[in-house]
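Build out the structure end to end from the sequences listed, making use of the hints.
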Amino acid sequence: MKLKQKLAISDSGFIFDPTTGESFSINQEGLTILQLLKEGKTEEEIKKIFLNEYDVDETVLDRSILDFISMLKNYNLIENGE
Amino acid sequence: MEKKKFERPVIKKVQIGMPSKFGLKSEYAPIKEIDGVPVKDLIQQYGSPLYVFSEKTIRETYAEAYKAFSTRYPKVQFAWSYKTNYLNAICKVFHREGSWAEVVSGFEYEKALKNGVPGNQIIFNGPYKTKEDLVTAIKNHSYIHIDHYDEYYMLIDIAEELQLRPQVAVRVNMDTGIYPQWSRFGFNYENGEAWDIVQRILISNKMDLVGLHCHIGTYIMVPWAYSTAMNKLIDLFLGIEKKFNKHLQYIDIGGGFASKNTLKGAYLPGTDTCPTFDQYADSITSTLINSSINIEHLPTLILETGRGLIDDAGYLLGTVHATKRLPDGKNSYITDIGVNLLFTSFWYDYKITPAQEFGPYTEESVVYGPLCMNIDVLREYVQLPPMKKGDHFVISRIGAYNNTQWMQFIMYRPNVVLIDTDKKTHIIRKKENYETFAIQEQIPEHLK
Amino acid sequence: MENNICIAVSGLNATDNPGPGVPVARALRESKSFGNARLIGLAYENLEPGIYMPGIVDKTYQVPYPSVGSENLIKRIEYIHEKENIKVLIPNFDAELHAFINNEKRLKDIGIATFLPTIQQYEERHKANLPEFGKKYNVLVPKSMNITSANDIAKISSAFNYPVLIKGKFYDAYVAFNDEQAIMHFNKISSKWGVPIIVQEFIRGTEVNVIALGDGKGNTYAAVPMRKLYITDKGKAWSGISIDDEKLLELTHHIINSTKWRGGMELELIKTNDNKYYLLEINPRIPAWVYFAVGVGQNIPETLVKLALNMPVEPFESYDIGTMFIRYSWDLIVPMEKFQILSTLGEIEND
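Chains as they are written, first to last, in this note's numbering: chain R, 36 to 117; chain X, 164 to 611; chain D, -17 to 333.
Among the hints, a few may not be true.
Simulated pairs of lysine to aspartate or glutamate, DMTMM-like, Cα-Cα distance not exceeding 20 Å [said to hold, decoys possible]:
1. X/K423 - X/E404
2. X/K176 - D/E27
3. X/K168 - R/D90
4. X/K166 - R/D90
5. X/K551 - R/E114
6. X/K369 - X/E353
7. X/K302 - X/D371
Restraint-style ranges between C-beta atoms, simulated for each label pair [to be verified]:
8. X/E459 - D/E53: 41 to 49 Å
9. R/L101 - D/F159: 48 to 56 Å
10. D/K174 - X/A601: 49 to 57 Å
11. X/V298 - D/A136: 24 to 32 Å
12. R/K108 - D/D313: 31 to 39 Å
13. R/T94 - D/N67: 50 to 58 Å
14. D/R88 - R/N87: 44 to 52 Å
15. X/M570 - R/E80: 24 to 32 Å
16. X/E404 - D/K118: 29 to 37 Å
17. D/F159 - X/F270: 28 to 36 Å
Among the chain X residues that face chain D by a calculated CB cut under 7 Å, a handful are [claimed, not checked]:
18. V177
19. A429
20. P432
21. T434
22. D435
23. P438
24. F440
Since the hints were derived computationally from the structure, they do not count as laboratory data. In this text the structure is predicted, and so the values were computed from the model without any measurement. Beta carbons are placed, not taken as given, at the ideal position from N, Cα and C, and that holds for glycine.
Here it is, written out as structure tokens:
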């Protein structure tokens, strides 16, 4: 899973896709996932980090990340070919 | 190290031209408790979904309404509209506060009697009263509000049969300048029908005409409509005094006060547009006081307000059963509250509030019920903070009509709980079970 | 009173369907008394041009739409007030007026003055109540009917001759020539602004407008009549000319005097060929062409602020006749950071 390379992620939770001109807003959890993805972390690694830091059970987390990633795909924020 | 609270990660497009909710403080706070009792505990103890009524709110709302009228007019009597909510415990709270009962069927009449309401404090309304209903009501000296000529003739027959004088009022319908005009109940004012029935009653002398009644509609947002209605009733009242030298005991202006719920299609929320009890009271009582009715013969003013008195006291607690992404990318929730439990969601945009802390981020969501039917939608479009499976939420202002118009459909109806003024909880209607329905059913021999 | 007070204005949507916020701010900037005031913009949407235009507002805060409830809106204003110490608030968006009028006292108690019509004035001039308004104040109005359901469209042909105007409660008006068009407009308007929808007799003649300001005691402090020279497809004036119409001014004085109107207003009227004036609408606020009034000699926003603050001020007696205004559009170059800051923080300082 690779984020679109040119994606601009601001700490305030504003995402700008310079290739399309679309901008997005995101909550803290989503921002963390994007930043981790940008650092090259895998889905598994991200899950581990969340389980450590957040009060959340694994099923709910799995389900939430799955849904979030489907939204990233929906918005074309994932590199093609993945 | 204490772990952070988890909210579903969400991303949404910054809408160009649309208001961006992001960055603004959340528009509302979670409802974590009702009258000091945690929502979580309520659901743990009584299950989800769960209806919760606040006795405190009922009593406070009643007191507010009563005060609005009684400070403006000397003789005021409320009659609890059974059809709005006839759970016995709820009715009893109103009766304890001093309300009479206003019923519209034999079933409701029976309930009122069993709730200990004296017959001469029951108002019997509606277009469908059977002969048996009328006989009981006459024997109990209840006030019968005549809806049509056939009912009037039936009353004459029964009166002769029983050798009793029914206590009656005439229900009047009229044009008050609002839409829709409720013209199907009672006798029309403008075409002279109302005056005609009044004369027949008084000339035949088989029953006692004690009052006039009208009920101009429902969810009336314009208090002046009541003033128009009252003027027309006063005209009849004075006509009766003049021609028959008779002073009626009461004028029943009915109900129809709006609650703070937002009607579908309304731009501004109901909390901003709903008139106050004071505004309604002012419109109604000033018309009476300023009329030429002699001060000594001022009639008792009866009010049958239902929705306005109970809506705010009722809550429906529910749980997110699943979150589901729709093909268009929109978020949806499948919850355990269906339209069968929240019948009124067909015309209200109910406020849905999560029962736990949430961040400032909201997303556009659809809220579905559990029924396997396409129409089972609580909100088609609502901005909600992200909730996850198992999260609880509260639907507010559902006290009116939902416990009378609910439907048992594919599932059992849940517990109804009353929180008393000491914050103690009581089940006032038990969750249904298999036996509830089995007992009503019978299997023919050949199918056993 | 020091002249660097803080004044908040909404309606910065200087688009092809413009709100009056930008011209109000511009009028204050150019006024003798409030040229140094700190001007705060209140924006509902993050692309309202006034947020980004140089020399208009000093800072903009996003505010929640009134449709989410006035409580949220007022709380947001209170938050902004804590930071900015707003002295006068000039709401310029129709749908928010109800909330601000109802909360006038609450705002006054924390030191924010408004200068708005009373709730009675606001309600009785509602398009839906226009027939009663005409009767009560002896003003000619076109015949009209309120409808709440598309089923009522069938009643139109028995009560009116087509064409008729189909109007929304807050905005929008379309001409319908038959039932089908009326249904189409009904659906379009009701889905946006709710019911009732107003069906109004179509009066033939010349449309004339007056911008005016009443002091709440019956006195007219400003009044400029204008005829629209060019109207956009959204029905907005793109150009207009000030006219010398004594009868129209008299009518304006009559309306302000008999209603005791407080605040800015716009009268929309039709002048028929036999010189009758039919009142179509009273907008209970300053209209978007207010800067034209400033241009012909009546700085209405300045006077309104003075009235709101109980400062001494004289009514305007004259204006330049035969002066025109022409609106134009202008492309502003905006770095994305500004949009980003507003979208994430809900407030932005203008440079």
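Hints versus structure:
1. X/K423 - X/E404: Violated - the C-alpha atoms of X/E404 and X/K423 are around 39 Å apart, more than 20 Å.
2. X/K176 - D/E27: This hinted pair holds, its Cα atoms lying about 14 Å apart.
3. X/K168 - R/D90: Status holds; Cα separation ~5 Å.
4. X/K166 - R/D90: 5 Å, holds
5. X/K551 - R/E114: Since the Cα atoms of X/K551 and R/E114 sit roughly 28 Å apart, the hinted pair is violated (cutoff 20 Å).
6. X/K369 - X/E353: Given pair X/K369, X/E353 is violated - Cα atoms ~26 Å apart, limit 20 Å.
7. X/K302 - X/D371: 14 Å, holds
8. X/E459 - D/E53: 41 to 49 Å: Taking Cβ atoms as reference, X/E459 and D/E53 lie about 46 Å apart, which means the hint holds.
9. R/L101 - D/F159: 48 to 56 Å: 54 Å, holds
10. D/K174 - X/A601: 49 to 57 Å: Holds: the Cβ-Cβ distance is about 51 Å, inside 49 to 57 Å.
11. X/V298 - D/A136: 24 to 32 Å: Between X/V298 and D/A136, where Cβ atoms are some 45 Å apart, the hint is violated.
12. R/K108 - D/D313: 31 to 39 Å: 35 Å, holds
13. R/T94 - D/N67: 50 to 58 Å: This hint holds: roughly 51 Å between Cβ atoms.
14. D/R88 - R/N87: 44 to 52 Å: 47 Å, holds
15. X/M570 - R/E80: 24 to 32 Å: At roughly 50 Å between Cβ atoms, R/E80 and X/M570 fall outside 24 to 32 Å, so the hint is violated.
16. X/E404 - D/K118: 29 to 37 Å: Since the Cβ atoms of X/E404 and D/K118 sit about 32 Å apart, the hinted range of 29 to 37 Å holds.
17. D/F159 - X/F270: 28 to 36 Å: Once the Cβ atoms are compared, 53 Å apart, the range 28 to 36 Å for X/F270 and D/F159 is violated.
18. V177: 5 Å, holds
19. A429: Because about 5 Å separates X/A429 from the closest Cβ in chain D, which is inside the 7 Å limit, the hint holds.
20. P432: 5 Å, holds
21. T434: 6 Å, holds
22. D435: Hint on X/D435: holds, closest Cβ of chain D at ~5 Å, below 7 Å.
23. P438: Hint on X/P438: violated, closest Cβ of chain D at ~11 Å, above 7 Å.
24. F440: 17 Å, violated
This entry does not satisfy hints 1, 5, 6, 11, 15, 17, 23 and 24, going by the numbered hints stated previously.
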